[in-house]
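Each chain, written out:
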Amino acid sequence: MQSEYLIAVEEFCSIHNVDISFIRSLKQTGLIEVTTIKEAGFINAAQLQQLEKFIRFYYELDINLEGIETITHLLQRISYMQEEIRMLKNRLRLYETNE
Amino acid sequence: MMLSYVKPDNPGQACSFFLNIILFCHLPFIFEGRNPYYNKTVMFIDYYKILGINRTATPNEIKGAYRKLARKHHPDLHPNDINAKKNFQQINEANEVLSDPEKRRKYDQYGEDWKHADEFENAKQYHEQSSNRRGQSYSGAQSQGDFSDFFESMFGGATNGGRTRQVKYRGEDYNAELHLNLTEAYKTHKQTLTVNGKNIRITIPAGIENGQTIKISGHGGPGINGGPDGDLYISFSVANHPKIKRLGDNLYTTADLDLYTAILGGEITIETLDGKVKLKVKPETQNGSKIKLKGKGFPVYKNQGQFGDLYVTYAIIIPTNLTDKQKALFTDLSKS
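Chains as they are written, first to last, in numbering that gives the first Met the number 0: chain A, 0 to 98; chain B, 0 to 335.
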């Protein structure tokens, strides 16, 4: 069984100096998942990188939640397309001649 | 072994700096050390030009220009784009100087004549005293590696953060590129890497694909203010084999077949990544016909014991320099 590393939302907010309502809003929009254990919210450590990115978008670039949602979708699309390009490049290698 | 890397951009944000590592087989590779550009000629940088503003710009105009450019070039919005990171670093640096009245004054005063030692010293002294004051910046925590040699010469290095909040940051992620040939990618093997002085022994599973990236958790840059360490991402560049092509888990090769074996059938030996294989050739085999050798392809990534297939295409070689006797025999054959 794989263990999950959870970070308390309150602790995360205090460390990053962000408002707890921001995390709630991210949860409501489906951008992050918050696990509730005994009425306390926890974030999976795997989401940490993404969450920090959202904080930078919101607090540093002044991008609102709708903007963050749009950007996240577009970044996902970029990621899929990069993967597709990688696969197509590998397919193209079949037809490349070697010196 | 050859190694190259560019300066780190924006450590402290999950964004990464890019290392290109070209590895010649079986040698451990190393990437460590500081800025290789440090001894380069230091050039004057026009921060006003970078932000696209004139020298009389007000603080609000500077802020506005910075925000606009930061939204355009922020590394979070340009994954895996080294140029965006470089641009953002320049923008950040320009803002660091121009948004701070003291730094801006010094820059305006000594900018183009920054080589005067006295001014350097004064500037450095100023930097030490003012390290707790911050101009607004989007970079998060930063290290000296984020700033140009020009900046470091004039202001004595970077401040350790652009944001006014004292924030724990996850360390920067490192990206490395590892070059393997198809034979190396065919077998699970171990490599020892040295990252910032620490040796890491990694296992490269058989079947790794060209362009595939693996993550080694916690081996990126150190966390800032007690934040967790970043990760190391290794992208694999698998070179083509001179005779064998790969598509996913399947391999493709061409086998030369002499005319007589093609017509009468027989046996040939072909080379695979796993050694030589004997093939039975059916009589009357056509040029360009293809056979499949099940399980003789590439290992399936992280599925031990599973292999793709090997497709062999026959290329029939027509004999040349025929003797008169051979020509006569072919003539008889053509008439029969």
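If you're looking for bench data, these hints aren't it; they were derived computationally from the structure.
Hints may be right or wrong, so weigh each one.
Said to hold, decoys possible - Computed Cβ-Cβ distance ranges for the label pairs, DEER-style:
| # | chain 1 | residue 1 | chain 2 | residue 2 | range |
| --- | --- | --- | --- | --- | --- |
| 1 | A | Y94 | B | D80 | 45 to 51 Å |
| 2 | A | S20 | B | T55 | 22 to 28 Å |
| 3 | B | G274 | A | Y94 | 25 to 31 Å |
| 4 | B | D107 | A | S2 | 40 to 46 Å |
| 5 | B | S288 | A | S2 | 40 to 46 Å |
As the list claims (entries may be wrong) - Pairs of lysine-lysine, DSSO-like flavour, derived with a Cα cap of 30 Å:
| # | chain 1 | residue 1 | chain 2 | residue 2 |
| --- | --- | --- | --- | --- |
| 6 | A | K88 | B | K324 |
| 7 | B | K301 | B | K326 |
| 8 | B | K214 | A | K26 |
| 9 | B | K105 | A | K88 |
| 10 | A | K88 | B | K334 |
| 11 | B | K334 | B | K324 |
| 12 | A | K26 | B | K71 |
| 13 | B | K326 | B | K279 |
| 14 | B | K197 | B | K186 |
Quick caveat, the model's predicted, so the values are computed rather than measured.
Each residue gets a CB set at the ideal place from its N, CA and C atoms; glycine is no exception.
Practice item. Could you tell me which of the numbered hints above are not met by this structure, giving the numbers in increasing order? Key: 1, 2, 4, 5, 6, 7, 9, 10
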